[in-house]
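Novice: Keeping the supplied structure of chain X fixed, place chain Y upon it in accordance with the hints.
Residue strings, one per chain:
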Amino acid sequence: MADEIILLDFWPSMFGMKVRIALAEKGLKYEYRDEDLFNKGPLLLEMNPIHKKIPVLIHNGKPICESQIIVQYIDEVWKDKSPLLPSDPYHRAQARFWADYIDKKLHLLGQRLWRTKGEEQEANKEYIECLKLLEGELGDKPYFGGENFGFVDVNLMPYFSWLYVFEIAANFSIEAECPKLITWAKRCMEKESVSTSLPDRQKLYDFFLQLKKWHGIE
Amino acid sequence: MKFTKSINSQSKAFNREKTVEWALKLKGVAYEYLEEDLRNKSPMLLQSNPVHKKVPVLVHDGRPIAESLVILEYIDEAWKGYPLLPEDPSERAKIRFWARFTDEKCVLGAWAACCAKGHEREKAIESAQESLSFLEKQIEGKKFFGGETMGLLDLVVGSLPNWIEFLEEHGGMKLLDEEKFPSLYEWAQKFINIPIISERIPTKEGLINYFQGGQNSRLTTGK
Numbered sequence: 001m002a003d004e005i006i007l008l009d010f011w012p013s014m015f016g017m018k019v020r021i022a023l024a025e026k027g028l029k030y031e032y033r034d035e036d037l038f039n040k041g042p043l044l045l046e047m048n049p050i051h052k053k054i055p056v057l058i059h060n061g062k063p064i065c066e067s068q069i070i071v072q073y074i075d076e077v078w079k080d081k082s083p084l085l086p087s088d089p090y091h092r093a094q095a096r097f098w099a100d101y102i103d104k105k106l107h108l109l110g111q112r113l114w115r116t117k118g119e120e121q122e123a124n125k126e127y128i129e130c131l132k133l134l135e136g137e138l139g140d141k142p143y144f145g146g147e148n149f150g151f152v153d154v155n156l157m158p159y160f161s162w163l164y165v166f167e168i169a170a171n172f173s174i175e176a177e178c179p180k181l182i183t184w185a186k187r188c189m190e191k192e193s194v195s196t197s198l199p200d201r202q203k204l205y206d207f208f209l210q211l212k213k214w215h216g217i218e
Numbered sequence: 001m002k003f004t005k006s007i008n009s010q011s012k013a014f015n016r017e018k019t020v021e022w023a024l025k026l027k028g029v030a031y032e033y034l035e036e037d038l039r040n041k042s043p044m045l046l047q048s049n050p051v052h053k054k055v056p057v058l059v060h061d062g063r064p065i066a067e068s069l070v071i072l073e074y075i076d077e078a079w080k081g082y083p084l085l086p087e088d089p090s091e092r093a094k095i096r097f098w099a100r101f102t103d104e105k106c107v108l109g110a111w112a113a114c115c116a117k118g119h120e121r122e123k124a125i126e127s128a129q130e131s132l133s134f135l136e137k138q139i140e141g142k143k144f145f146g147g148e149t150m151g152l153l154d155l156v157v158g159s160l161p162n163w164i165e166f167l168e169e170h171g172g173m174k175l176l177d178e179e180k181f182p183s184l185y186e187w188a189q190k191f192i193n194i195p196i197i198s199e200r201i202p203t204k205e206g207l208i209n210y211f212q213g214g215q216n217s218r219l220t221t222g223k
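Same order as they appear, the protein sequences are chains X and Y.
Going by the working numbering, the first sequence opens with residue 1, and the numbers climb by one from there.
Going by the working numbering, the second sequence opens with residue 1, and the numbers climb by one from there.
Heads up, some of the hints might be wrong.
[As the list claims (entries may be wrong)] Simulated pairs of lysine-lysine, BS3-like, Cα-Cα distance not exceeding 27 angstroms:
1. 137/Y - 40/X
2. 142/Y - 125/X
3. 143/Y - 62/X
4. 53/Y - 141/X
5. 79/X - 137/Y
6. 105/X - 29/X
7. 52/X - 142/Y
8. 62/X - 142/Y
It is worth saying that the hints were derived from the structure and are not from the lab.
Only chain X is shown next, with the shape it has when bound in the complex:
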């Protein structure tokens, strides 16, 4: 029996993008459904009653919530193709640690970039420091996963699609500060699983302008 996979998502969501990349890496066919987050559909509310958030993966009727948990699930179920987590427990722990860091620290600092008025310089500085730490972790490897695209790469790439937006909005550039990350991001974008999962930059920027209006920020 063929697997039925549905992804409840919202196209600009960084969290949704992670899942799209993971599904593409595994070569999986699925039904993509874009949710209206101002008018959440009954399926989303049924499948994620606790948080009522996207992304939600529905695999043969069973819901899996939380992007990192979904990516690990995908990696465990379809373990024979393009493994995202390494096999060694220590390296798996390191990958989970950095994915957690990205989800919590980088995400929070990214939000501060455009939401806090009057602290722009500091917000920019903190964001770049965070990226530099990640760049240190990358080192000279082609990917965070080493020779192969892996779990941390999946988790970080979506932030790079938003980086374009942040750089314009917060008036800074990471090109000089994090050259290795820029090279890494370009390398990842050459992968079809990544380029087909991330939205068009201009479309994302237009969405961001809308988002600012909804939040009452000029």
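Specialist: Leaving out everything else, chain Y in the frame of chain X:
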């Protein structure tokens, strides 16, 4: 023989630190417990967890692993024997979901309820209890969150009873109400009396220190 160190702290004895020790004990792993004074962090801690500079940190064969939930999964993968997580991927995903939920909503929700003032207090207590009601549904009709035997989720949720009891006393309110959450309450009584668990329970002094330390950092970050 593998040498394992667990860096924890009694002066910032966050319940969850006991979670790592409980996991090591279940696996029958010999470990050395090192206490940290978080007001005066040791070079070893700063070297082992340079990113967050926090406990707990597990150092195994000289290699550090940080972040409580990451450490728990590592312990499950590095040592065979007692399984902390089930085999089935969708069951594993559920456990991970509830572990995060406990970590993010229940622990912090209880804290917020304790510290809220005025009309915010009622809302905060309601929110904290709503989080507990989700855990109540998960344990209803089961012996443990892991089913017939204890698992990772029992260890994570196991950090709550002592923490909540402390906050209830400090804040003068009731959260883990036996009437509202009979299954959760019953599980908690059973859990903290299991020998492996009761051997390592956070002290009141440790909880006070953690609470005060946390309050200070909340004040400085303005959260």
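Novice: A separate judgement is required for each hint: does it hold in the structure or not?
Specialist: Against the structure, the hints come out as follows:
no.: 1; hint: 137/Y - 40/X; result: holds, 24 angstroms
no.: 2; hint: 142/Y - 125/X; result: violated, 49 angstroms
no.: 3; hint: 143/Y - 62/X; result: holds, 24 angstroms
no.: 4; hint: 53/Y - 141/X; result: holds, 26 angstroms
no.: 5; hint: 79/X - 137/Y; result: violated, 32 angstroms
no.: 6; hint: 105/X - 29/X; result: violated, 32 angstroms
no.: 7; hint: 52/X - 142/Y; result: holds, 26 angstroms
no.: 8; hint: 62/X - 142/Y; result: holds, 21 angstroms
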